[in-house]
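Given the coordinates of chain Y, work out where chain E should sit on it, guided by the hints.
2 protein chains.
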Amino acid sequence: MFSSEVREKWLRTAESLKPELRMHRVEPVRVVAIRHNERAFQKWEVEALPEDSGGVDSLTAKQWGRGESFVLDFGEYLVGRLEFDLLPAGTVDAPTRLTLVFGETAAEIAEPFDPYCGLLGRGWLQDETLTLETLPRRIRVERRCAFRYVKITVVDTSPAFSVRFSGVMCEQVSSADWGGVAPLSRMADGDIFPADILEIDKVSLRTLACCMQTVFEDGPKRDRRLWVGDLRLQALVNYKSFQNYDLVKRCLYLFAALAKEDGEVTACVFEKPLPQAGHTNILDYSALFVNTLLEYAEASGDWRTAAELWQVAKRQMEIVFGYVNSNGLFVDPGTWWIFIDWQEELRKQTAMHGVVICSLAAGALLAERLGFSGEAEQWSQRAEAMRRAANEHLFCPQRKLFMSEPQECSKAQISWASQAWMVLAGVVRDAEARKLMRTLAVSPDAVRPAGPYLYHYVVDALLYANLEEEAMKLLRGYWGGMVERGADTFWEVYDPEHPFLSPYNSYIMNSYCHAWSCTPAYFIRRFPKTFSRKNVHKLQSRGRS
Amino acid sequence: MFSSEVREKWLRTAESLKPELRMHRVEPVRVVAIRHNERAFQKWEVEALPEDSGGVDSLTAKQWGRGESFVLDFGEYLVGRLEFDLLPAGTVDAPTRLTLVFGETAAEIAEPFDPYCGLLGRGWLQDETLTLETLPRRIRVERRCAFRYVKITVVDTSPAFSVRFSGVMCEQVSSADWGGVAPLSRMADGDIFPADILEIDKVSLRTLACCMQTVFEDGPKRDRRLWVGDLRLQALVNYKSFQNYDLVKRCLYLFAALAKEDGEVTACVFEKPLPQAGHTNILDYSALFVNTLLEYAEASGDWRTAAELWQVAKRQMEIVFGYVNSNGLFVDPGTWWIFIDWQEELRKQTAMHGVVICSLAAGALLAERLGFSGEAEQWSQRAEAMRRAANEHLFCPQRKLFMSEPQECSKAQISWASQAWMVLAGVVRDAEARKLMRTLAVSPDAVRPAGPYLYHYVVDALLYANLEEEAMKLLRGYWGGMVERGADTFWEVYDPEHPFLSPYNSYIMNSYCHAWSCTPAYFIRRFPKTFSRKNVHKLQSRGRS
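These protein sequences, in sequence, are chains Y and E.
Sequential numbering from 0 applies to the first sequence in numbering that gives the first Met the number 0.
Sequential numbering from 0 applies to the second sequence in numbering that gives the first Met the number 0.
Possibly wrong hints are sitting among the right ones.
The list treats identical chains as one, so a pair stands whether inside a single copy or across any two.
[As the list claims (entries may be wrong)] As a list, the in silico SDA-like pairs of lysine to any residue whose alpha-carbon atoms are at most 20 Å apart:
hint	residue 1	residue 2
1	K150	L129
2	K271	L129
3	K201	E407
4	K271	R163
5	K61	R541
Worth flagging that the hints you see were computed from the coordinates, not collected in a lab.
Isolated chain Y (complex conformation) (with noise of 0.2 Å):
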């Protein structure tokens, strides 16, 4: 499809825009307990030490054995590599034997790692077990972790000495410039925001931030690689703060050079040892790449990436729309990974017919604006014949609700999915979609979203009918919720009623800093006047009236 001369030169761009990471230092806050608290979020609750087992400065002064452990909370969620003096008290006469384990949360430090039962690797918890032959020492962890606390056990040294610990610190690394991003607190023309909206908006980029590494990752403790899924969002959030354009163009061109042979651009690639496709394809996120080069060329004005692109962007939607058959209806093929949701009991078809209209349609957007007007009518066509296709073969007149599948009425799945992607391929508009979201609201039957990546969609629906109030508590509720709960950036898996549900088996091994959880900040800095204290009251007071 695109010649292996284009997909050297797409691969040297990508390198090229490969950003210097900023390391910066920091070091642990405070020495933590992590107790049993059948009330606390996943039943572990993080308690500080009385001040009088002397905190952090007491850890040099303290002398450590066999068996022996502490706990360190750095403050914050951290990426990067923990250091350590390691100093002899005594004489050294055998190898000291230490384990690390690094959590994103305090589960993640009290439960047992094993015997493991997951679903993926075992590899990505993030224990580390270390042998050293000579002390004293400066010990640097050359795995990358992603943590906020860490557990140190000296699980041994000898009957001739005992150990203490100095200069703990974590070198942090990220490509996100803080110094870029503009306080949320000039945005609300005077105004101020609510406490909590400030704290979402924090997570939320401090979530973005961990992420941005020399690609946008999805997770920086599971995963760590590039999904155009997540790309997408995460790009939308960095366009409201960190401004990193390059990093968003290295990704794109990332994902163009290492498309399959037939020009399909896959699910997620990977970075390291070298550049390489991943085997996952998700057509969906297929389908969204075309709304990533437009989103990106809108906001940097380098429409010059997007005219160099078009062709992957173009395969994409040709792709997409070939599994649209002479209805104008998207028919599942059962040979691709639709996700749209976590949730197991969903059915796509309506959502997904809602995403390639979504591709089409931006597709007809960016062919417009680099001049290929033909091409932009005929796509804007397509999209629009799938609309209307929409509302007469997917919408059920009894419920006022779209189906999740074409269907006799009463035996049809009502789904979120569903609905927020019909309103956000404008299938329904203004006070339709309105009316739509509202049915949904006091249609308790209908499928609800399993996780952040849906949630993002049903929020962008409510603001896109205007509906603000829903749009708010939504987000308030649900990232929110999180917060209440401890998190300190966004979780990949949340739902309120299953602090323990993983697709993998393990709770633990679930990502707790995840991009596609960050999205938040990108509402609240679109709309600032919605999220502001004013509006806020405003609607709040309307709600109660």
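Showing chain E alone in chain Y's frame:
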């Protein structure tokens, strides 16, 4: 006692003699299984896997995933660093986690290390856990390990990939130069040696070579430090084989430079991170510093070093002689560790009395060679007075054996340690010495040696008394017993009746390549005719007649 200028000069001399280590790449020879077998030494035996399972070459072809493991046999005992290529099969979408267990013996590979209840530091046990963020990778385990077997377990990859191993090798390190070792076969004046003698010699030299690093280590797996008592024995073998005089010299200067304030040589010193004295003091070891210095000068002809360190040697003599009372008897002050042997029930006064005589006698010789004839005479007379005292106070005329301390004969403890040291000290000589050792041999109540260190002095005493046959039997029986049990280096602890014996409450913590056990080669190479086939046959037929 010694000025800091002098100490610093000695330390500089020691450092200037630090050898460059020889590196040698060794590949594993086979893939093996470790099987439980009640009749095997320590109940584990090594079994070669059948040819069709592929051997070492198949490692590269096979793919290994979660929980899979294999055991490599390097065919000989090695000290060094393991290296291998870890290659991916599939898409590397997670870190790879490996554990490596290095074993001197089969039991170390098979027995779990944890929970660990040993008395010494758990860090000595050689297991390493690696988390590898990307593949392919050349892995080098920076910890220096001592092993013949290594078990590699793939704790996990991920469902998307497995791993292959290639280029497994050990970068072996030693300061021993095998090129300088005369083949034993040339030493027998046209005769040849029995197979077991050849094997015992080979195992002895391998033991020594593995302990020869930048100092003479006592054991390359555990302790890894320089002890006076071990040094003396290593040096004796070294003079007959590798002839690395500078390494002995370096060790002598280290002990001298790091002697305690009062001039006492500590039992051991550490090299890293900077040379420093150990806090262990062993009186018999301090005493034998004198012998070690004399033997070094005699072997190397380097009497300048002997002259420079004479004050250190003399100080040890003064210290030990300080515990000799007016009757000429050594009296245990109770403030020292007197080692002699691990045997718990052993009472050590007589043996230590013999050690002191040996020390003073060596000092007298040293003084004479250095031209201090007055001092030589004085120390010689003191030694002679102690011999008389031993005959007067320590000999039991009824049993015709030495008691372990001045005692009523009927209540006396009889031990191999006491008789051996009385012979070595020249308290009895020639026919009397032979009678003593033969009487001992038919005294079943005599406390036997517990380990190789004392067995060395017993063999030495037998040869000293011209009891060729008995010396040979003991050497072939004791060290040959280790060979029969699979040793390819000689052990720190060996009691044929107690395979799980350990001074550390953990037999896998024992060192299975231990310097003090390497002396058969010294005896064989010092008296090649004695150990040659003709003589062995002659002695055996005499034994039968």
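Here is what the structure says about each hint:
Within a single copy, K150 and L129 get their C-alpha atoms as close as 13 Å, and across copies as close as 18 Å, so both meet the 20 Å cut-off. Taking the closest pair of Cα atoms, K271 and L129 come within 20 Å of each other only across two copies (18 Å); inside a single copy the shortest separation is 25 Å, beyond that limit. With identical chains, the CA atoms of K201 and E407 are never at most 20 Å apart, being 46 Å at best within one copy and 87 Å at best between copies. Only between protomers do K271 and R163 lie at most 20 Å apart by alpha-carbon distance; the minimum there is 18 Å, versus 36 Å within a single protomer.
In the homo-oligomer, the alpha carbons of K61 and R541 never lie at most 20 Å apart, since the shortest distance is 58 Å inside one protomer and 68 Å across protomers.
Violation of the numbered hints given earlier is confined to hints 3 and 5; the remaining hints are satisfied by the structure.
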